[in-house]
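Student: These are the residues of each chain, in order.
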Amino acid sequence: AQSVTQPDIHITVSEGASLELRCNYSYGATPYLFWYVQSPGQGLQLLLKYFSGDTLVQGIKGFEAEFKRSQSSFNLRKPSVHWSDAAEYFCAVGAATGGGNKLTFGTGTQLKVEL
Amino acid sequence: DGGITQSPKYLFRKEGQNVTLSCEQNLNHDAMYWYRQDPGQGLRLIYYSQIVNDFQKGDIAEGYSVSREKKESFPLTVTSAQKNPTAFYLCASRDPGQGNQETQYFGPGTRLLVL
Chain B
1 AQSVTQPDIH ITVSEGASLE LRCNYSYGAT PYLFWYVQSP GQGLQLLLKY
51 FSGDTLVQGI KGFEAEFKRS QSSFNLRKPS VHWSDAAEYF CAVGAATGGG
101 NKLTFGTGTQ LKVEL
Chain C
1 DGGITQSPKY LFRKEGQNVT LSCEQNLNHD AMYWYRQDPG QGLRLIYYSQ
51 IVNDFQKGDI AEGYSVSREK KESFPLTVTS AQKNPTAFYL CASRDPGQGN
101 QETQYFGPGT RLLVL
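Protein chains in written order, with our numbering: chain B, 1 to 115; chain C, 1 to 115.
Where hints are given, some of them may not hold.
Unchecked claim - With a cut-off of at most 25 Å between alpha-carbon atoms, the simulated PhoX-like pairs for lysine-lysine come out as follows:
| no. | chain 1 | residue 1 | chain 2 | residue 2 |
| --- | --- | --- | --- | --- |
| 1 | C | 71 | B | 102 |
| 2 | C | 70 | C | 14 |
| 3 | C | 57 | B | 102 |
| 4 | B | 112 | B | 61 |
| 5 | B | 102 | C | 14 |
| 6 | C | 14 | C | 71 |
Claimed, not checked - Here are a few chain C residues that sit away from chain B, every Cβ distance over 12 Å (derived from the structure):
| no. | residue |
| --- | --- |
| 7 | 9 |
| 8 | 40 |
| 9 | 41 |
| 10 | 42 |
| 11 | 50 |
| 12 | 63 |
| 13 | 69 |
| 14 | 70 |
| 15 | 81 |
| 16 | 83 |
| 17 | 100 |
| 18 | 102 |
| 19 | 104 |
| 20 | 109 |
Read the hints as simulated data drawn from the structure, not as lab findings.
All C-beta atoms, glycine included, are put in the ideal place defined by N, C-alpha and C.
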């Protein structure tokens, strides 16, 4: 069964500092990987996704993520955080193996930005 | 304006009452999903539907029911058998993308509270 681990429940960074949110997955084949962001009381917004090819993927709002198969990781990065980035971030792994592309989510990382 | 809408934004349920959450999309997506979100637990799949008049149970289907009579609509009923219904409920639909690069997009959510 597929699973996702986000080891950091809360992270606090200063505005302008760099950010890295960790995501480790467990999946038997090549995974489809996603990062979503959620503001309080809102739905999830897709930041970026990886299916195949170039292991460094660019997303919206200046975010990027790198797929490392050897480490089973898909960490999210941003070189300079803005106060508006404060939100909860979810990593997800999916598969299209006849299961309807079900996604398995991590438990999320809450990002706080200090001004 | 294309997208996924959920209503109501807030819903209150009394003991022994069934309530129905609405999810509508005008994106022409075949597949739709219902997730439940609890603090610290990420998102868990309740039901999904890959095509009209067909749906499958997810990981936590007990106490819930769905229907898929129209492509645009995938309502979720929280029955009285669901003993702990207080949660944030998220609906998603799946964009098939190019070359099997399927991506789920989410609605704004419904918060269900028990009186």
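Student: Please go over all the hints and tell whether each is borne out by the structure.
Tutor: How the hints compare with the structure:
In summary, the hint linking residue 71 of chain C to residue 102 of chain B is supported, as the alpha carbons are separated by about 19 Å, within the 25 Å threshold. Taking the CA atoms of residue 70 of chain C and residue 14 of chain C, the gap is near 29 Å; set against the 25 Å cutoff, the hint is violated. Among the hinted pairs, residue 57 of chain C with residue 102 of chain B is consistent with the structure: their alpha-carbon atoms are about 11 Å apart, no more than 25 Å. Of the pairs offered as hints, the one joining residue 112 of chain B and residue 61 of chain B holds, with about 16 Å between alpha carbons and a cut-off of 25 Å not exceeded.
As the CA atoms of residue 102 of chain B and residue 14 of chain C are separated by approximately 32 Å, the hinted pair breaks the 25 Å bound. At most 25 Å may separate the alpha-carbon atoms for a hinted pair to count; residue 14 of chain C and residue 71 of chain C exceed this at roughly 30 Å. At the 12 Å boundary, the C-beta of residue 9 of chain C falls inside the reach of chain B, the nearest C-beta of that chain being 9 Å off. A Cβ of chain B approaches the Cβ of residue 40 of chain C within 12 Å, the least distance being about 6 Å, so the stated non-interface status is violated.
Not every CB of chain B is more than 12 Å from the CB of residue 41 of chain C (nearest about 6 Å), against its label as outside the interface. The non-interface label for residue 42 of chain C is inconsistent with chain B: the shortest C-beta to C-beta separation is roughly 4 Å, within 12 Å. With a cut of 12 Å on Cβ distances, residue 50 of chain C falls inside the contact zone with chain B, its closest approach being about 5 Å. In this structure residue 63 of chain C is separated from chain B by more than 12 Å, as the shortest Cβ-Cβ distance comes to about 19 Å.
In this structure residue 69 of chain C is separated from chain B by more than 12 Å, as the shortest Cβ-Cβ distance comes to about 19 Å. Residue-level check passed: residue 70 of chain C sits 19 Å from the nearest beta carbon of chain B, beyond 12 Å. Annotated as non-interface, residue 81 of chain C keeps its C-beta farther than 12 Å from every C-beta of chain B; the closest such distance is 23 Å. Separation of residue 83 of chain C from chain B is adequate, the least Cβ-Cβ distance of about 23 Å exceeding the 12 Å criterion.
Remark: the non-interface label on residue 100 of chain C conflicts with the geometry, its nearest Cβ contact in chain B lying 6 Å away (cut-off 12 Å). At the 12 Å boundary, the C-beta of residue 102 of chain C falls inside the reach of chain B, the nearest C-beta of that chain being 5 Å off. Under the 12 Å C-beta cut-off, the non-interface status given to residue 104 of chain C relative to chain B is violated; the minimum distance is some 6 Å. Listed as outside the interface, residue 109 of chain C is inconsistent with that label: its C-beta sits roughly 5 Å from the nearest C-beta of chain B, within the 12 Å cut-off.
In the structure shown, a violation is registered for the earlier hints numbered 2, 5, 6, 7, 8, 9, 10, 11, 17, 18, 19 and 20, in ascending order.
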